[in-house]
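> Let's have the full structure, built from the sequences with the hints guiding it.
Number of protein chains: 2
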Amino acid sequence: MIKKYSYGTPFNTESVVKNIPQQNGEIDFFDVTKTNETMQFAANLAQSDIVYGLGQAVRGINKRGWIYESFCSDDPFHTEDKSSLYGAHNFLIIDGEQKFGVYFDFPGKMTFDIGYTDPDKLTVTPLNANLDVYIITGESCLAIVKEFRELIGKSYIPPMWAFGFQQSRWSYGNADSVRAVADGYQNAGIPLDTIYLDIDYMVDFKDFTIDDDKFPDFESFVAEMKARGIRLIPIIDAGVKIEQGYDVYEEGVANNYFCKDKDGNDFAAAVWPGLTHFPDFLNPDARKWFGAKYKKLTDMGIEGFWNDMNEPAIFYSAEGFDKAFKSVKNHSGKLTNSPWDFFELKDTFARLANSGDDYRSFYHNTGTQKVCHYDVHNLFGFNMTRSAAEGLQEAVPDKRTLLFSRASYIGMHRYAGIWTGDNHSWWGHILNQLKVMPSLNMCGFLYSGADLGGFNANCTEDLLLRWLALGVFTPLLRNHSAIGTRDQEFYRFKHKDWFANFVKFRYRLLPYLYSEFLNAVENNEMLFRPLAFDYPDDESCKTIEDQLMLGQGLMIAPVYTQNADGRNVYLPEGMTKIRLKADGTITQTDLRCGYHYIKIPLNELVFFVKHGYTVPLTEDAQNTDAMDFDINPETATFLGDGDSCDLLYEEEHPQSAEQSALVKKKRIFR
Amino acid sequence: MIKKYSYGTPFNTESVVKNIPQQNGEIDFFDVTKTNETMQFAANLAQSDIVYGLGQAVRGINKRGWIYESFCSDDPFHTEDKSSLYGAHNFLIIDGEQKFGVYFDFPGKMTFDIGYTDPDKLTVTPLNANLDVYIITGESCLAIVKEFRELIGKSYIPPMWAFGFQQSRWSYGNADSVRAVADGYQNAGIPLDTIYLDIDYMVDFKDFTIDDDKFPDFESFVAEMKARGIRLIPIIDAGVKIEQGYDVYEEGVANNYFCKDKDGNDFAAAVWPGLTHFPDFLNPDARKWFGAKYKKLTDMGIEGFWNDMNEPAIFYSAEGFDKAFKSVKNHSGKLTNSPWDFFELKDTFARLANSGDDYRSFYHNTGTQKVCHYDVHNLFGFNMTRSAAEGLQEAVPDKRTLLFSRASYIGMHRYAGIWTGDNHSWWGHILNQLKVMPSLNMCGFLYSGADLGGFNANCTEDLLLRWLALGVFTPLLRNHSAIGTRDQEFYRFKHKDWFANFVKFRYRLLPYLYSEFLNAVENNEMLFRPLAFDYPDDESCKTIEDQLMLGQGLMIAPVYTQNADGRNVYLPEGMTKIRLKADGTITQTDLRCGYHYIKIPLNELVFFVKHGYTVPLTEDAQNTDAMDFDINPETATFLGDGDSCDLLYEEEHPQSAEQSALVKKKRIFR
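Residue numbers (numbering that gives the first Met the number 0), protein chains in the order written: chain A, 0 to 669; chain B, 0 to 669.
The set of hints was computed from the structure by calculation and includes no laboratory data. Heads up, some of the hints might be wrong.
Because identical chains share one entry, a pair is satisfied inside a single copy or across any pair of copies.
Distance condition first, Cα-Cα at most 27 Å in a straight line; then the derived DSS-like pairs of lysine-lysine [what the hints assert, rightly or not]: (1) Lys-576 <-> Lys-665; (2) Lys-261 <-> Lys-213; (3) Lys-665 <-> Lys-398; (4) Lys-17 <-> Lys-120; (5) Lys-322 <-> Lys-333; (6) Lys-576 <-> Lys-17; (7) Lys-434 <-> Lys-81; (8) Lys-292 <-> Lys-3; (9) Lys-33 <-> Lys-98; (10) Lys-98 <-> Lys-493; (11) Lys-294 <-> Lys-398; (12) Lys-294 <-> Lys-153; (13) Lys-664 <-> Lys-398; (14) Lys-598 <-> Lys-541; (15) Lys-580 <-> Lys-120.
As structure tokens, then:
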């Protein structure tokens, strides 16, 4: 059951699709303190209560013991002490004697003190007192999630090929280097479906331009790659370069499509292209205009995009730079004896990035109201991506396109996926990815994944292999790394055959994985679930944060520590252990419920199938275009001990999620 | 057996105390590539080889899969991608079919590529071709460590009270705030032995000064605190403030005791006091002079010190600042369209810290030779601390003093302990501490510990409790945190009684812990050992990196993940599980060998005693001065199933480690 409470004058975020009548009276579960300007929601936590939620955030599946802030942030250091990442997902479940979900539909900064100040207290503080709050009750965590997901609408479905393996790097600088990557994978016998174009494919980082020097005859190049089964996925950034003669800039200025400063001038801030303007994505006309630009690239054969820098990230504003430079220049240049003076000087420019002052200094015009960016900050990336999705639906109405974003807010899940941003080549970030998947699923973000192998810092072969052993199960499976770091395409490493074996397994699993994804979309299920969601009466499951249930019949428990030869795994019931050996053969062993130390050498993949379930594996191929998705019981491999399985599929790939009634079911008997 | 190989003209680091004859011919185990200027040692690694060592370093107990650099570094972000921390400890053990230890006695930068570039190759590259290499063979890892420890000499022994609980913060700014901390602990019934004085106790950060405004009549204050059983431990930094009239500065200048730049002027670089000179700790006269200064504080009743900033850390050099400021000032002040230009500008001042250019620009005079600092960088902290230790022996010859350092090199372990520097309030750093302890022990650093609760970032109650559950077993047990972070004295949190219970347990364990420490010193044993060292034939032990053997009879397996209710533990043999409950009572349960999921609530302490061993617990007290260290079998609690135990102790506390033949043994029958 859902109850809606409104306070003040909420901004309509469009995150919710169902019309819930507004309650009068006091909200359940929370003590509310309210003044004109501020309010706070407080609840006591019993010692055994678990708090789930918050989508993309640091720390565990159980969010207790930290203070989080919903404020979309471009921060590449995803360490435990951070409070904000790229997304803002204000949904929580409190699971204890009292069990309920709560969604704070609020587009500004919001603080969640979940047992940080007082270990037994939850305190939620929005920036101001205008918001909608939804209280969701249900018999189980899964029932609460399902009810919430109905409230916020069906999740985005990408094309089938977006489940193939994807390779990215900042940046493959020209057509030949892209060809070399395709060759590298082909020669190593490692399947590959896409190659990404990071910011350097553009002319001076201008959205919707292509540098002809690097990519002469881009349209032919797209076709050439597609003929090899490889789709190119260009990046689109949020900022539009200020440059006379650049059509996007000129149209934006002419039509007042950009965010304005307090004086009504187009707000200027620097990102990759130097000074830019930000399209006013909260303005429906601007949204339609920007979204229509993607057609330039789809007309050249492009079928997928990633939207970046849309928190929006700001390196500095024109005004901020000016102040900082003056402050440094006016410095005496004499050494003071105070270290703090020096630190002040040292940080003058560094402090310019993503500053609250800048976010407070520009405005949106929604068509019906002018609103300060700071108050609706968390809607920017959402609406950039909505703009793209709506533009793509116009441009290529007959097929699904790949689209994912860095910044997000709940509601964006109907339009696109997300990736989890600029992580590091740290072993700890394998586990971070595992822990964030169910939290994202709760909020509707089903198509998601992390930069495999880590974006920042240097990767090692063993890290990449172990990460891939998790990645083969995530919808978005993309290897991505930053400029200046070690090359981390799989074929760069010593044991190419080990990588090939894992990736081929992913392709063999695709019909099942895609089916489970469609099932999660159609029925508002979570693709990844904490064990405690499936086994709520099993006390042992409540604290397990390094294993997940996947789809209806799988459990995964990847290795995430260096130089390990296996790991401890808890089986809440008897299951079949599946072991993919280095030679590609698969063994299946029944294991009883309980704790097991499972040996998992670096070149093997181990996971578990629940009794009564069957997972069919088809034949692998160099890419999804070359695959036969029909399971042929004569040639398929069946995992688990069930005698049949139901696979969902789409006969056509409609663009619109609303049309996904086209999803069909086929029963496969082994 | 130890073999010594010399190349070129090695600098005498004085890390080794035994005279080993030099071998002719080629070194065992390694392929050596050598030119006049450079050399490289390369060895193949079998897939099952484990590489131990490197003392203070990031990552696991098994060092495979990363590239490390020995170069003492002031870097507060101890993340997996770093290559250097504060210490330089060039000792490795390769444990496989071939089993050997190797010590590269080399004071400059040295790179250890342990399966980073090629997973099956170890490559060691010193900065130049002048070094001694010791190859140590033995039947077991423990035998190799023992042989190595004999080579480098007996470890430092602190006073008994240094094993009590210690409280620190940057900074307790005056006498009253120190009193408040003492009161806080006393009122909460939590034992406490020391309170630390961080940099703000000095006048303008000048070594060996005391700010009378903050600490009027310091000598009386020291006595007042000592009467409460609390010793004050002041910090001493490496840099001496440049200030006319400041005696340490003036004496250093007059006697040429400071490091010189290329022109023979005293080298000037800024740290906390602003511009400073660095004492030339490689010069015996300067060392003696600086070490004698500690007497000023011991004469006022101080019995312990921590030496900091002695990598040496440099915020900026006078020359570097000048260049940077000119470069910024000459910048047009115009925004360029290149983000890279902006990053360059932004980082101009940040890049000044700890720069290689600065380390290359100053010189030591050892009395017999002039040497560039860069070439002997890793000896600076070692010799600052040796200076202090030798000074303290002169000043207070009749008792042991507490001394530990941030930077270190092997050899310094004879003079002092170390703490592991500016860590973070991250759960991952509990495990980091656990993993670094045996590696430090291999290199002779027995008295060591991490900043409990984390130095940087904000701590939570649960993090601090779990960390303390490891800390109760480490010789140095100090809660320390940085300016600007949340207060993290135990009494600041909700469940003071839980902290009190753990700390009291530590005090009850002290006679045993101190005895085990003395045993490790006397017999060149490791206090903390990987399980594989004690059970070399047990395959399961080889990859366990979150449990340790402690002393002769204990195994520890602390919880290091948030919101966990326990953890998986492997018992290589049957052991007694000891459970300290929240009410202070202790239960003992026999467990069979194998894997166990052990429930460990946040307010309980669990560890294991090997069969046949006995651990006596004495009565706790508010501090060590108030304790009776004699075990009274009538009132003691005995853990484990042995019928007696041997305790080592000292009747007097001599300052010199050479006198530790005074260590005596007493057999306790239960």
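> Now, for every hint given, state plainly whether the structure supports it.
Here is what the structure says about each hint:
1. Taking CA atoms no more than 27 Å apart as the test, Lys-576 paired with Lys-665 passes inside one copy only; the shortest distance there is 26 Å, against 54 Å between copies.
2. In the homo-oligomer, the alpha carbons of Lys-261 and Lys-213 never lie at most 27 Å apart, since the shortest distance is 40 Å inside one protomer and 48 Å across protomers.
3. Only within a single protomer do Lys-665 and Lys-398 lie at most 27 Å apart by alpha-carbon distance; the minimum there is 22 Å, versus 83 Å between protomers.
4. In this assembly of identical chains, the alpha carbons of Lys-17 and Lys-120 never lie at most 27 Å apart, being 31 Å within a copy and 60 Å across copies at closest.
5. For the identical chains of this complex, Lys-322 and Lys-333 are neighbours both inside a copy (20 Å) and across copies (12 Å), given an alpha-carbon limit of 27 Å.
6. Taking CA atoms no more than 27 Å apart as the test, Lys-576 paired with Lys-17 passes in neither setting, with 42 Å inside one copy and 55 Å between copies.
7. For the identical chains of this complex, Lys-434 and Lys-81 are neighbours both inside a copy (16 Å) and across copies (24 Å), given an alpha-carbon limit of 27 Å.
8. Taking identical chains as interchangeable, the C-alpha atoms of Lys-292 and Lys-3 are never at most 27 Å apart, the minima being 38 Å within one chain and 71 Å between chains.
9. When the C-alpha separation of Lys-33 and Lys-98 is checked against a cutoff of 27 Å, the pair qualifies only within one copy, where the shortest distance is 25 Å, while the shortest distance between copies is 69 Å.
10. Proximity of Lys-98 to Lys-493 under the C-alpha cut-off of 27 Å is restricted to the inter-copy arrangement: shortest distance 25 Å between copies versus 50 Å within a copy.
11. For the homomeric pair Lys-294 and Lys-398, the shortest alpha-carbon distance inside one copy (14 Å) is at most 27 Å, but the shortest distance between copies (81 Å) is not.
12. Within a single copy, Lys-294 and Lys-153 get their C-alpha atoms as close as 25 Å, which meets the 27 Å cut-off; across copies the closest is 74 Å, which misses it.
13. For the identical chains of this complex, Lys-664 and Lys-398 are intra-copy neighbours only, at 20 Å inside a copy versus 82 Å across copies, given an alpha-carbon limit of 27 Å.
14. Taking the closest pair of Cα atoms, Lys-598 and Lys-541 come within 27 Å of each other both inside a single copy (24 Å) and across two copies (13 Å).
15. For the identical chains of this complex, Lys-580 and Lys-120 are inter-copy neighbours only, at 24 Å across copies versus 48 Å inside a copy, given an alpha-carbon limit of 27 Å.
Consistency note: the structure conflicts with the earlier hints numbered 2, 4, 6 and 8.
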